[in-house]
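In order, the protein sequence lines correspond to chains V and U. Each residue of the first sequence is one higher than the one before, starting from 239 at the first, in this note's numbering. Each residue of the second sequence is one higher than the one before, starting from 1432 at the first, in this note's numbering.
Everything labelled a hint here was simulated from the structure, so no lab data went into it. Just so you know, even glycine gets a beta-carbon here, dropped at the ideal spot from N, CA and C. Among these hints, one or two may not hold up.
[As the list claims (entries may be wrong)] Result set (DSS-like, lysine-lysine): computed pairs, CA atoms no more than 25 Å apart in a straight line:
1. U:Lys1637 to V:Lys944
2. V:Lys833 to U:Lys1625
3. V:Lys458 to V:Lys397
4. V:Lys458 to V:Lys468
5. V:Lys1068 to U:Lys1462
[What the hints assert, rightly or not] Under 10 Å between C-beta atoms, here's a sample of chain U residues computed to sit facing chain V:
6. Gln1449
7. Thr1475
8. Ala1509
9. Glu1513
10. His1515
11. Ile1518
12. Gln1526
13. Val1610
14. Gly1653
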Amino acid sequence: MLFFLVIQYSNSQIIKGTILDSNGNPVTANILIKKPQTPQLIYQFTTTDSRGDYFVKLKEPLDSIIIAVTSYAHETDEKHLKILKNSETITLDFKLQTRITALKEVVITDTKKIIRKKDTLVYDSEKFKDGSEKVVEDLLKKLPGIKISENGEIKFNGKSIKKMLLDGDDLFDNQYIVGSKNMDAALLDKVEVIEKYSENSLLKGIYDSEDVAINLKLKKGKSEFSGNSKLGLGYKNKYDFNTTGIIINAKIKGFGVATYNNVGLNNSPYDFYSNNVSFEDLKENNSTARSLINQGNFYSPLEDKFHRINKTFYSSFNSLYKLSKKTILKVNVGIYDDQLSRNNKEETTITANNETFTFNQSENNIKSPKLYDGNIHIENKEREKLHWEYSGKLKYQEIKFVSNSINESLKQDNQITSINQYAKHHFNLTKKISDKSAFTSKTNFIKSSAPQQFILSPGISIDENDDTFIQQNNQDSRFDKITFSSTSNYLHTFNSFTWQVQAGFFSIQNKLKSLLRTVSENEQTFSDIDYSNDLKYNLNFPFLKTNWSYNKNKIGLRINLESQYFTINIEDFIKQKTIFENKMIVSPSLQFIYKFSQNTQINSSYSFNQNAPMENNLFEGIIQTGYRSFINNEFNLGFLKTHAYGINFNYNDLYHQNRLSIQLQHNQRDNNYFIRSLINNETSTTTAFLLNNGNQDYSATVNAEKYIHSLRSTFEFNTRYSISYTKNSINATEIRDIVSRNILLDFSMRIKLDKNTFLENKSYYMYYATVVQGGNENRFGSLKNALKLVYNLDKRIKTATVLNFISPDLSVDNNYLFLDTEITFSSKNKKIEYSLIGRNLTNNKNFETISISDFSRSISSHNLINRFVIVSVGFRF
Amino acid sequence: MFKYIALLITFFSFAQNQQYHIVYDYTLNSKDIGLITNLKSYLTGDGKTSIYEEDFMKSKSQTADDNSFSIPTKNNPAFFKEIHSKIVTYNDHIQMKFFDVKDNLPSFDWEITSETKNILGYTCQKAILRFRGRDYTVYFTTDIPYSDGPWKFSGLPGMILEATSDDEAAAYSMLAEKVELKETTNSIQNPYLKSNLISYQNYLDKYKVKYDESRSRMDTNGYSRGMNKGAKEVYITY
Chain V
239 MLFFLVIQYS
249 NSQIIKGTIL
259 DSNGNPVTAN
269 ILIKKPQTPQ
279 LIYQFTTTDS
289 RGDYFVKLKE
299 PLDSIIIAVT
309 SYAHETDEKH
319 LKILKNSETI
329 TLDFKLQTRI
339 TALKEVVITD
349 TKKIIRKKDT
359 LVYDSEKFKD
369 GSEKVVEDLL
379 KKLPGIKISE
389 NGEIKFNGKS
399 IKKMLLDGDD
409 LFDNQYIVGS
419 KNMDAALLDK
429 VEVIEKYSEN
439 SLLKGIYDSE
449 DVAINLKLKK
459 GKSEFSGNSK
469 LGLGYKNKYD
479 FNTTGIIINA
489 KIKGFGVATY
499 NNVGLNNSPY
509 DFYSNNVSFE
519 DLKENNSTAR
529 SLINQGNFYS
539 PLEDKFHRIN
549 KTFYSSFNSL
559 YKLSKKTILK
569 VNVGIYDDQL
579 SRNNKEETTI
589 TANNETFTFN
599 QSENNIKSPK
609 LYDGNIHIEN
619 KEREKLHWEY
629 SGKLKYQEIK
639 FVSNSINESL
649 KQDNQITSIN
659 QYAKHHFNLT
669 KKISDKSAFT
679 SKTNFIKSSA
689 PQQFILSPGI
699 SIDENDDTFI
709 QQNNQDSRFD
719 KITFSSTSNY
729 LHTFNSFTWQ
739 VQAGFFSIQN
749 KLKSLLRTVS
759 ENEQTFSDID
769 YSNDLKYNLN
779 FPFLKTNWSY
789 NKNKIGLRIN
799 LESQYFTINI
809 EDFIKQKTIF
819 ENKMIVSPSL
829 QFIYKFSQNT
839 QINSSYSFNQ
849 NAPMENNLFE
859 GIIQTGYRSF
869 INNEFNLGFL
879 KTHAYGINFN
889 YNDLYHQNRL
899 SIQLQHNQRD
909 NNYFIRSLIN
919 NETSTTTAFL
929 LNNGNQDYSA
939 TVNAEKYIHS
949 LRSTFEFNTR
959 YSISYTKNSI
969 NATEIRDIVS
979 RNILLDFSMR
989 IKLDKNTFLE
999 NKSYYMYYAT
1009 VVQGGNENRF
1019 GSLKNALKLV
1029 YNLDKRIKTA
1039 TVLNFISPDL
1049 SVDNNYLFLD
1059 TEITFSSKNK
1069 KIEYSLIGRN
1079 LTNNKNFETI
1089 SISDFSRSIS
1099 SHNLINRFVI
1109 VSVGFRF
Chain U
1432 MFKYIALLIT
1442 FFSFAQNQQY
1452 HIVYDYTLNS
1462 KDIGLITNLK
1472 SYLTGDGKTS
1482 IYEEDFMKSK
1492 SQTADDNSFS
1502 IPTKNNPAFF
1512 KEIHSKIVTY
1522 NDHIQMKFFD
1532 VKDNLPSFDW
1542 EITSETKNIL
1552 GYTCQKAILR
1562 FRGRDYTVYF
1572 TTDIPYSDGP
1582 WKFSGLPGMI
1592 LEATSDDEAA
1602 AYSMLAEKVE
1612 LKETTNSIQN
1622 PYLKSNLISY
1632 QNYLDKYKVK
1642 YDESRSRMDT
1652 NGYSRGMNKG
1662 AKEVYITY
């Protein structure tokens, strides 16, 4: 319906009226004013009130308008209005007809593909930077939810990340810490956390992986090549050099790093120093051949930066080539070379069998590891429903260890050479069967060998009938390991749950050959059958795994069942025996989660594990692992059976700034390995044996945090109490029952003093006591306190000072004070950064600590990195 | 005869009403805490009332971790809008404590411009709005003659298919990627009928207290993981 009306012209034009439906009831409607020249555009609009009245005052005088009345329940009515003369108000009523033809039913979807980012969290990295961060890891630490473990492993909400991508490409493969510990944080634009990350795009929508990946998005507009360089020179003779380069273009991505330092730093994925599992080992540990001979003790309760005396060279190059749109080739190579040194001294008192004796030992160690690591990876996604990838790894490492040891009064030279060769082939295939099902298969072939040679001179006799001078002990030991595994997965998704069946086959072949020879003064070689091993240990097992999970409202339940059928074959060529055994193993696990509320949940779990003996639990021939230590086992093919129970309670109230978590854990072992030790002034021999009389342990952990606003302070409290029951035998005693108790308390307080000043105090107390049933008790306590002050002079000058107080044994008055400080200054354009670092300014030379067991008490000391000051300049290019 | 037809139509439209269902791709960048969230949101309405739902549930895996900052909501945040009386009732949290908020909105003072663009085949016209400290740009279409839109928005003579805002505090966008109009017998229920409601001003006061606290709470690196100043709405102006 279209009306032409002629109405008088006005200076302020007002149009009003009432809008009713065909029954005379008021209608809620929109009144649209359009200009006749542009009828597709709304010039002005208004809506009716509850009586159906409307009122429009035109923004400027118009001589002609279109007035349209729309309502979702009524047909649109439109009138053409010509305004002729002055008139204050025009009244225009409408009577709308009920919409007979309802709005056409439509479904309109966007045709262009929207990248779904629903499982991605994106951090704008600029917002987290305060100028103190140098490498990517420093920045990641600050992002909520992300934590970095001591070995460099990155965790998001407690879960280890699978990959660290660079602009979406997996440049670093398994060794992402090459990037996280070396890449310049300034390059980053955004950090994305991808939950449910799946490397396999074919599985999208079929299987939600639980994996998490981090994607580093680089700043755009950077040139194709960029990098940074750091030069640090210190007093005395301290160096810290570091250069990284990064190249990014459409076809190639590359990242390279070269570093050298002797200030205690390690930016590589490898670790030849601490007792921590290195990042590299974390990935390859189960398939690597073992080494039994010790190469020096580098343990210390202090942080590495105080005592890691090193000359570390590390270089790595990582590159990724896009051979075609869907085929990628990656090459990663790494070289590591180090010289680690340490001087240890130890006095040990043994109390067993109603006798007490003390012995002294000292050792000056130099450990020189060399490592070459090469990785290649090809992935092919050319075909729509079938993807494959191959990756290969070759690693060679050689550790030369030399030391001068003094055992009681015997001075000895130790020379140990350890080689480890590792080759891995991995093939992965994914076939998409339909939109709801897929098949994947993974095949691994890994070969590793670890020959070791230990020359000790002068040696010690292993022949009871011979007490002549022994010129040399020659211990050879070599493990070989071949692992073949093939796993197939069939995935099928129904509307609400995924059904997954995993079947596979494992074959593990272990070989151990060892021989100890002594060379007497007249160059005669002696060896004993008890000091040699020639053992083959093969395990073959097919397995089948099923998962069930149930999640509804407040309750979650998970049940896993794994069954394995073992075929075990052992050949001992020394004892001329062969064992062949079959075994069926079922390992169930159960998890139950109950959510009380948004903030509170409880999680309880039970699992029963049965593990086949490891290759280092089976050899019977004695192996010399140090100048005074020997080990072997009593043969037993029993599987280790552990029942693990756990309850976790979590309460986290962000609103009231309270956090509490309580964990209770209990392990009940049906059987376990125990140690029989024979210790005298000159030697210690330990024999591990499996006993069907198991043991158990209990632990309770409490973590709490509270923020009090009136004090601007955060208080954090962590405590752990554990008690464990075990057994051993010392110097031919009967098997004894031992109870050990351990208490850890740690309390920290953080205060924001003002905008530029932050203060933190952390106290840490540890108590350990161990009692032999019906016998003596050993105990000790230690205390650490760290006070940290961060003061930022302005945006470009920042200082941090840490004062550590350590009392390693509270029963004696022997305390340490460490002072470290750091000042950084950055240029205006952030291209150049200067820093001044002072380490161990209180100049502690040695550190003495105590360790105890149920039968021993040792006081040991080791040297430290001397006081030094280093000035460094960093450039970005 | 005509009467009967009219009656029939009334009856017909009573039993079955037409509803719109719009899926938006929603990205929120809380600039001052550097967190970007991307998820889908859904608007379902019949012209009188509507529910706008932000789909956090599907976007997060249920990590049972203590320092998880993803928002494990029981239900998705839902905005129940009474379009004519300009009341929006919704559930929002401050540091994971949830409140049901009743917001009596002022009349939106939309300014219509002559810019247009095509979204999903609909010709949309641009309108701008200053609301609680932020500037918003939206595109709406009269071809879908419902006066509604995502989040708290309404009051234009048509459906809003795109809404964006960008300033120093936050940037966000809601872009329609699916429009569905259909007859249904389902009616839209107010999910907050039994709720304990607080006013918008009350919510604002609580937010300010918690914001101040969060800025002084430090972690061991000397870094404060403070709350943001607000995202879609700016709560903190200092």
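Hint-by-hint comparison with the structure:
no.	hint	in the structure
1	U:Lys1637 to V:Lys944	holds, 19 Å
2	V:Lys833 to U:Lys1625	holds, 23 Å
3	V:Lys458 to V:Lys397	violated, 30 Å
4	V:Lys458 to V:Lys468	holds, 24 Å
5	V:Lys1068 to U:Lys1462	holds, 22 Å
6	Gln1449	holds, 5 Å
7	Thr1475	violated, 14 Å
8	Ala1509	violated, 16 Å
9	Glu1513	violated, 12 Å
10	His1515	holds, 6 Å
11	Ile1518	violated, 14 Å
12	Gln1526	holds, 4 Å
13	Val1610	holds, 5 Å
14	Gly1653	holds, 4 Å
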